[in-house]
Amino acid sequence: MTETSHGVGGLTFDKSKKAWPNELNVLFALVIIVVIFEILGQLLPYMNDQSFLFDTKDRFGSIFNEARLKIIILQVAIIGIIALGATQVIITAGIDLSSGPLVAATAMIAMSFAQTELVNGNPNPKAIFGTWAMDLPVIAPIVVGLLFGALIGAINGTFVAYFRIPPFIATLGMFLICRGIALWWSSGRPVSFPTESYKFIGSGMMPVVWFLSLAAIFHVILKYTVYGKHTYAIGSNEEAARMSGINVKRHKVLVYMIASMLAAFAGIVLSAKASTAQAGMGEFYELFAIAMAVIGGISLTGGRGSIIGTVLGAMVLGVIRSGFTFIKLDGSYQLMAMGGIIIAAVVLDQFRQRNRV
Amino acid sequence: MTETSHGVGGLTFDKSKKAWPNELNVLFALVIIVVIFEILGQLLPYMNDQSFLFDTKDRFGSIFNEARLKIIILQVAIIGIIALGATQVIITAGIDLSSGPLVAATAMIAMSFAQTELVNGNPNPKAIFGTWAMDLPVIAPIVVGLLFGALIGAINGTFVAYFRIPPFIATLGMFLICRGIALWWSSGRPVSFPTESYKFIGSGMMPVVWFLSLAAIFHVILKYTVYGKHTYAIGSNEEAARMSGINVKRHKVLVYMIASMLAAFAGIVLSAKASTAQAGMGEFYELFAIAMAVIGGISLTGGRGSIIGTVLGAMVLGVIRSGFTFIKLDGSYQLMAMGGIIIAAVVLDQFRQRNRV
Amino acid sequence: QDIGATISRFDDNWLTVMRNGMTEHAASIDGVNLQMEDATDDLAKQIDQVKNFVASGVDAIIVNIVDTSAGAAISEAAGSTPLVYVNRQPDNVDSLPATQAFVASNEIESGTLSAFQVCNNLRAEGKAGGARGYLMNGQLSNQAAVQRSKDVHDVIGMDMCSFMTIIDEQTANWSRDEAQDLMTNWMSSGEPFDFVLANNDEMAIGAIQAMKAAGMDMADVQVGGVDASQDALLTMQAGDYDVTVFQDAFGQGAGSVDTALAIVAGDSVDQKVYIPFKLVTPANMDEFLSKN
Amino acid sequence: MSSDLVLKTEDLTKHYGGVHALEGANFEMKMGEHIAIMGDNGAGKSTFVRQITGVEQRTRGKVYFYGKEVNFTGPLDAREAGIETVFQTLALADDLDVSDNLFLGREKTKWNFLGPFRRLDYKAMREDTMAGLVKTGVKIPNIRNSIANMSGGQRQCVAIARTATFASKLTIMDEPTAALGVQETAQVEKIIATLKAAGEPLILVSHNMRQVLDLVDRIIVFRRGRMVADLKVSETNGEDVVAYITGAKTGAQFEGAA
Amino acid sequence: MSSDLVLKTEDLTKHYGGVHALEGANFEMKMGEHIAIMGDNGAGKSTFVRQITGVEQRTRGKVYFYGKEVNFTGPLDAREAGIETVFQTLALADDLDVSDNLFLGREKTKWNFLGPFRRLDYKAMREDTMAGLVKTGVKIPNIRNSIANMSGGQRQCVAIARTATFASKLTIMDEPTAALGVQETAQVEKIIATLKAAGEPLILVSHNMRQVLDLVDRIIVFRRGRMVADLKVSETNGEDVVAYITGAKTGAQFEGAA
Ligand SMILES: Nc1ncnc2c1ncn2[C@@H]1O[C@H](COP(=O)(O)OP(=O)(O)OP(=O)(O)O)[C@@H](O)[C@H]1O
Ligand SMILES: Nc1ncnc2c1ncn2[C@@H]1O[C@H](COP(=O)(O)OP(=O)(O)OP(=O)(O)O)[C@@H](O)[C@H]1O
Ligand SMILES: [Mg+2]
Ligand SMILES: [Mg+2]
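Chains as they are written, first to last, in my numbering: chain A, 1 to 357; chain B, 1001 to 1357; chain C, 2001 to 2292; chain D, 3001 to 3258; chain E, 4001 to 4258.
The set of hints was computed from the structure by calculation and includes no laboratory data.
Hints should not be assumed to be uniformly reliable.
[As the list claims (entries may be wrong)] With a straight-line cut-off of 27 Å between C-alpha atoms, the simulated DSS-like cross-links for lysine-lysine are: (1) B/Lys1223 x E/Lys4110; (2) D/Lys3123 x A/Lys223; (3) A/Lys328 x A/Lys57; (4) B/Lys1057 x C/Lys2127; (5) E/Lys4110 x B/Lys1249.
Work out the full structure: start from the sequences and follow the hints.
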């Protein structure tokens, strides 16, 4: 870079003092939390010097405890997919509460088109459609699920953009509607027994593959495309974006559609992973998706945030969960400790970036 | 008012065209919803021309169906108390997610100090403390509960104001912590059998009395005191408030404390009403409290909103719930319809106030 | 030995009793370390919890499954680590590997027992000519709730009880306080009714509180629920509550720990242990007063 | 209507609730003309600009642009019709950097077949940004800094550079030099003079008498929401204009207006 | 240190990351003096103001106020010490109305024993607001309208009225007349003249040469974050000052500064 590419003179500008990217703080918090668990593993008397991340017992023939590394990210991958959409919505200064119930509704609907004909050699006992919907190619449930997500997202977006309903209310309404749909579909009974090809979508580390590839795609889109730039502009100053000639309404609809399609996809992966779909799935997912984004440094007033931050935010939650199981913390304490650590992670972040009081 | 009290000349100002207060729109939405239920009562074949609000069957010797009027507001009174606090927090551009779990935690704690000595003539089987904590005067559990609320609120406020943690995260952390406390207290076992004087706090229409008196008090406080003015100023432009010499941090702590004390009080009333305290109480209360405020016309970006609006927002939710039971709507449809109506109520509101596109 | 347990939700009353049964029993055995996780009714979370246990290298896992149709996914997640299902019967019960077992009850019994007893009581009161009432559902997404409500409809579908009609059924989400409001809403329509059936005790108690607040005489209404919680039994003792159903929570919890330890030790165990429900009425309630 | 009019308004009126911010403005602007709008604070100047550019919907009245009646539903419409505006509020996105703001809404892109996901050409935009800023004479040490961190004058220069960078059929500037320093003001006045030379029409809202008398052909004065004077610069002077602004005088054709 | 100094800074410096917005400013102000600060956009004038008023924490340097070293942790401290400031960003709460903004942070109240819940005296505040606005000469048709709906000049006048209404030991105005009309500017200049007559010290940041030469005693020029000149108005003129601003000249005592 030449000097001129940075500015047009005036004050002294010391390029060596680069702004410290927000994401580094989150990474830093993540490392600290891991270290704390490692130390606890050594210190706590009943832990017998176990290691959190390393394969000290030689169970995997590797330096790392591979099972742990996998589960850390696997358990946040599905909510993480939702968080990718939440990130985009929040950057526009919106919020999407409907994603949790949308996961459930999509899971129910998609699963109904992913039914296998025979279960242990007997006819499928749960199919909610006739035999025509049995053993369909795996693309069918995916397409149906994503279309459903797109529809819900389009409705959310239309209410927010064209009817100017506060996103909190529009998506809270949709939250209830989607929960209702999930309960009404098959009258609250779970839908199970998908085809093998459908199961594959959520099997093993597939959720992680989906999460990370989608994260990479949306990272590029937000940073390097017009879509991304307009998303940030709208969240930064909607009126200015409008005055600058951005079609704010249409853009918002697009953002909400993408977010809902991501949530719908999360529903598909989730039901494939669990091999069943039930109406109660996805409870609180919307909150945790938002939490991932916020831990990752997003601002709920819009205009700021990044996919990398959100991925790191997801990792923080994943490490916390695994860590608690590791140190054998009892469930009711887990909640308290989780709450404390989430706050602490962000406190850490704040301390590192206070340049202006 | 004289002309000069309105302005210092310049343009023509037509005083007859008063700004239409936001709250009127909400009232309007409320009336429409009531009318719809009345009409449905006449139209739906299985309803046998029942009236939603009027005493057509002459059961109360009154023009209104008094039982219905009472339950409409009774069932939202407790969440309404929380919503009064949520309103104040949201006016400062904050959000408080911890109120639902705080209700549960406070209920458990307060109830432990409200135990009666004898149940059906036998010793109380659930008391978690010894006999010293039996048959205490009713002020004891109230004070303990409110102090607990004040503590949680002070922590929330400190994190938000002094550590500059986004309110969403600070209170989400507190959400988990309070849920944890509720589960940990008495190891998750319900605490029941309060004294008669404690029960009285939540008996009959008492919750409504609390709700409306607190609403009146906070209406006055927000409109006519320095506290209220600073609350609006901070939400409107925090930087400006700071530059104008408002002690923004201290004020925020106060706001969060008041909000949490209101939630704690809601927990006390709830446990008195149900004569039991359980760890699962108050689920989703925070969301519905926020929804009441938002239906009442508050803006989540701060600076705007009113207690009257929130009370009307609460009434909208109360009418919807009663209305659904009235027309015997099935559970899964109820959720969908509730979602639809919440959105519709706000759409109506928007249509009536679009003066500037 | 380290045992990891995942419970569908910590804030459920009955499951809490079961959970405490597990904890106390485990504490009474030397060298057993029990670690409890809350699945918060989230199936995916539960599967991940099982995997987390495996990653931590526990010796056995106890699962109170969120969704009985996800047995296959849970069983697979456990791999070769011994696993015991407790309280709820997974759908893959017939194809469990040798390292897995279950100690559970058959949910179909509970709602049926309660509703049938209410039916009998109504007949005894001479209301066989026609009785009307309300049904309170638990959380609509919960399998036990769906099953218990279905049981009620099945009972009413029988010739013997077909005199009963449900005026309306709605959810009160397992909660006492919501049940109070729902009952009050129902009563505000002014329709006379003879019975209230609820998917659990908490909702039944809430309904009773609302009816008493409205000045109704509890002798005129038959109220049936499920769980036989302590609060319920004391309400029954006070003469307000008519029918509930007992399921040995404490015993199931303790039993699951024993079974898990037996599998770890390589002992031969019964892979399926069914625990029956028992009907509780004022006549026999004293037996149960101190049990749950 | 004669088509040598760039802009014409008939009875253009805007009320905000009871506030009559703009009353019956009849305005005409010929090809190539530079017109200044002056008036007290709160006289309705910016309101007039907002009605023309579709930022708000007028209470009543008509607007003709190049002879055709127009009803812009938003600023996007106005821009597409060829009106470039520097708003008094500047309309900048605080979290974005200088070049993002300069090209907001008409980014330079590559791979356009990707629709909304087409790629931004950051390099080209940064280079053009430099060029645009040099024109306004402003100094900005680091154009990658977000606009929120810019000084008042720097912000204003970014908004001006944005307008000056794109060709238009009509340029509107609402107090463009209010926050500018001596040198920067001179530069912006040079930009305006260049527009004049190129025959591009311009509406300039300004409180700076010297500037107005130097730069434009005609001065329109607003008072209390009404047009009260329409003066040729060649036939007026500072005191005269001030007399109209303060209300000591009212233009002949506007008698009874205010 | 001699106590006839109102304000003194030593090596006052502020860096924003790599941007050196203010470098080693040594500033002195005597009792009753009116001082103007001039300089290009982005020269660091507002940054200087923000350091003095505690809005930001300085990178290094010292500030003395009436002879005592001060370390304001926020604008509240500065105000309590007696510094009244009109910031360039105005610092107004958009959703509140005019009189709320005027009295923001020091409301007139009744029943003060109620602490934070003491009652607002709306009536008294509205009356004083009227009086304050009249001083600035601005016209506002309805003072109960929220500030968001005010024109640029009206907003600025509210901010000025706020400062002018309260007595202070030092008044700082950062480009107070930038958005004001001819009449309103004259009024504000009158307010400043009144302060001068009363012996109250003032720092005026402005780009308006005529105004500065008319009103103040001394002119400080900033360039590229540094003080480059300290001129007595009686010994200088417009061209001279511009020469310092543009860098054609640098004050003797500041050689090598920029
Ligand atoms: N928070 C910040 N972060 C980074 N740079 C900043 C920040 N605040 C100000 N600056 C930079 O510091 C320099 C000085 O800004 P300042 O606001 O003091 O200028 P000024 O002299 O008041 O200009 P103007 O006349 O335009 O108001 C500018 O280049 C500006 O971009
Ligand atoms: N949205 C609104 N609601 C109510 N009143 C408004 C609104 N917008 C502007 N006004 C009022 O309309 C009048 C005209 O405002 P306008 O912004 O057009 O003034 P202006 O001539 O541009 O003044 P300035 O020179 O200060 O920029 C002002 O009195 C202002 O208070
Ligand atoms: Mg203007
Ligand atoms: Mg400045």
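Hint-by-hint comparison with the structure:
| no. | hint | in the structure |
| --- | --- | --- |
| 1 | B/Lys1223 x E/Lys4110 | holds, 14 Å |
| 2 | D/Lys3123 x A/Lys223 | holds, 14 Å |
| 3 | A/Lys328 x A/Lys57 | holds, 17 Å |
| 4 | B/Lys1057 x C/Lys2127 | holds, 25 Å |
| 5 | E/Lys4110 x B/Lys1249 | holds, 24 Å |
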